[in-house]
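Go by the hints and put chain B with the ligand onto chain A.
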Amino acid sequence: MKALILSEGVDDPMEPIRKEEFDDQACGSQAPKSKPCPRPKPGEAAGGCSFDGAQITLLPIMDAAHLVHGPVACAGNSWESRGSLSSGPTLSQYGFATDLSNNDIIFGGEKKLKDSIDYIAGRFAPPAIFVYATCVTALIGEDMDAVCKEASGRLGIPVVPVNGPGFVGSKNLGNRLAGDALLQYVIGTGEPEQETPLGVNLIGEYNIAGEMWEIEKLMNQAGITLLSRITGDARYKEITWAHRAKANMVVCSRALLGLAKQMESKYGIPYFEGSFYGAKETTYSLRQMAYLLNDREMERRVDRLTEREENRLSHDLRPYRKILKGKKAVLYTGGVKSWSVISALKELGIQVVGVGTNKSSDEDVQRIADRVSDDTEYIPEGGASRIIKTVRERKADIMIAGGRNMYVAMKEQIPFVDINQERHKAYAGYEGLLRLAKELVDSLDNPIWRLASSPAPWDKEDSYDR
Amino acid sequence: MTVKRRSKPVSVNPLKIGQSLGGILAMQGCYRAMPIVHGSQGCSAFPKALLTRHFREPIAVQTSALQEMDVIFDANRNLEEAINAVLSKHRPDIIGIIGTELTDVAGVDYQSMLKSYKRERNMRGGLAFSVTLPDFRGSLESGFSVTVEAMIDELIQQAGLRGQRNVNSRQITLLPGSYLTPGDVMELKEIVSSFGFEVIALPDISTSLSGHLLTGFSPLTRGGVPLDSMLQSLQSGLTIAFGSSMERPARRLHNALGTPYKVFQSTMGLKASDELFHFLHQISGVPVPIRYCWQRENLLDCMLDAHFQFAGMSAVAALEPDHICSVSSWLEELGVEQKALVTSCETTAVAEMERDVWVGDLDDAEVLGSGADLLISSSHGMAGAERIGAAHLPAGFPIWNELGSYMNVSVGYRGAMEWTNKAGNQLMRREAEHRESSIRHR
Ligand code: SF4
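As you go down the protein sequences, you meet chains A and B in turn.
The first sequence begins at 2 in our numbering and counts up by one.
The second sequence begins at 9 in our numbering and counts up by one.
None of these hints come from the bench; they were simulated from the model.
Ideal Cβ placement from N, Cα and C applies to all residues, glycine included.
Treat the hints with caution; some may be incorrect.
Said to hold, decoys possible - Computed footprint of chain A on chain B; a stretch qualifies when at least three of its residues, placed anywhere within it, have a C-beta under 8 angstroms from a C-beta of chain A:
#	region
1	24 to 37
2	67 to 77
3	85 to 94
4	109 to 116
With the rest of the complex left out, here is chain A (with noise of 0.2 angstroms):
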């Protein structure tokens, strides 16, 4: 069918997004080779480690018990820290760790790691245990995946190694070590009850606030089965029968281009990266899908969908648009959703002035450049001092970050939307972009900003008049 609308920016849809090779050694994944993963500057670094993105991808498996092979820190600081929910089992909410002593550090803790394994096989029953390397364990050169072997042939459940402790490099490569151990012990381990000739599988998308529920509405209106969903809000078994799908989506995730990748080299399923970031990138995914799929009826039942969805968005977002028409936003995410974002701004008619590529590959900056204007300032790197002057200097009317930088804006009282793991609101799909809009509105409009920068009456006055 060619009467697809080109999404602003995003190259010819009919062809999968797949330049060039992938290469293995950089972090995240298709990063040219011009750009390694930069070694993280000693005393002005920032970001999590790659065990945290390792947990990142496999938490939202939520019937899966996840173990943390270390001292207890690792786990204590980090279990219930993702906005990621669950509509059923809550197993992954549970803190694992077996919590090395020093003596188990100087003797060695592969035994508390197998009587761990049991402990929760035995009490909590789940489908599978996910076993994650830390720094300490790493060092003193436990072999985790033996002691997982080991314990998965006598339990008869999957206990899968995770071996990305936190000093291998960044949250990035922790999330594609992850997807690693998708695809070495996870994938193609099961069938699906039922053959579904149109399932599509979701990597890379965590139902950070519901988000996935969104999208999977949409799709299971355009008649699309999601097939698997890697990993949010997931079953640990739809995740082994993933290699049934006819196509993948990687939804704004470099770090797992690697294991759509590696997919269609290894079970021939076609994929694309997409976004359910803004009504357009939302209507671009799911034709990309339906194309994907090869089924003509399906087609044409996304393109009415989309048509009615978008006609009806724009209705409701006339009250917010009038208001948010030529604001100024500076944009600080992660990589990737940079450019999934901005379309969704751009919509609203938002000008982003300022857009962090800290963790960008130039493929992603090549992205945010089609949907930026030219006069845009990108933030290199650098932390929450570099992203004040850059909101001071262009006049930006809000800022939209992570949560990690929402106190900073607090203290220098610039209106704040948060639009990373932690937040509570779920901006994917069409009413996603409403609810983006009316967040966006209530944030700016706040008295508080008033209020905040009106000084006391005793600080007004020069003087005290008698």
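Just chain B with the ligand, lined up with the frame of chain A:
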């Protein structure tokens, strides 16, 4: 009485927060400070995120960003780079190097590295020290107190005091334990100064993490005790420590400078408050200010009103060691049955308690506290409280399910009253919910 452990190979729903986070927290109470965590990125990113979530404030912290090869070859090169970057970019007054399990297991000697760094760069005027806080020992509490101890050591060195000094008998150094909120520290400062003393809190999170706009955002800490006040604190005539974990830093001051000290182990409830006020009255000769006499009346009246609510009730608490001592003595006064007390690690204070204490996790609290009406713990205990049908009272660290918890006051008469009302209200609400659901089911 005794410290017990349930036999279980794995920690389920950890109560323990790493030591290094305690170190980072202590540094937040100093003005223009920067803790540098000597470890991999995650070891500073996780605590930063967690502290931000609890205090709803930006948190100053940096990392030496170790990667695998750095650990194996030369971890200190990273540290040097980190110190250089922090010094040239932010010019902090105070730097605290916090060693992690990673540097500990790898056997990195950053203490002597720091010493030679200071010598070579001729670093004067500022304060730079290091602590070793691997997360497989101790807990948040010990990390906090060890850091304060190291800070004090460095102050004494810096001032070059050898026993002799000008003692200011009207000045008191407060050493508030890690379980006290900024609101608590503020209350304690007010109480002590209301008896006519100059007070220097070390560290002082009451002015750094209590929420203020001051001069906007800074990558360094804003508020907190400034370095010159810290140095001045060495002239204090007395040290008052809150929480047994702060006894060691107090003893440091005593051993080096001869400053006498007093430790208040419990800070919650009528009896604990009475002790504090009586002590202050005695050492100052000043009558207890009238507002505190009123507060005492208010507390007693509130306890009378609430005793119907608490009669026959039982509670389980899972908190850091010093905190559990305090909370336990408050529960005692309310006549609440203490089904179980769970803490993150064993300390002398805990071992000397008159009740059994379990060292364990939140799962232990859930199991041992089954049937309890009230579960007192960080926000991590919320889900467990729901599972056993208990009301949940957020306390300790981290709390993310209520606004302004960092300003809660638990110390003094006012604090005891606030807690009593809050706990009573939670129980009342739970009762109402039960009633409602039983009506619906009929
Ligand atoms: S960097 Fe290593 S030790 Fe630190 S939190 Fe990450 S995995 Fe744990």
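So, going through the hints one by one against the coordinates:
{"no.": "1", "hint": "24 to 37", "verdict": "holds (count 6)"}
{"no.": "2", "hint": "67 to 77", "verdict": "holds (count 7)"}
{"no.": "3", "hint": "85 to 94", "verdict": "holds (count 8)"}
{"no.": "4", "hint": "109 to 116", "verdict": "holds (count 4)"}
Checked against the numbered hints above, the structure violates none of them.
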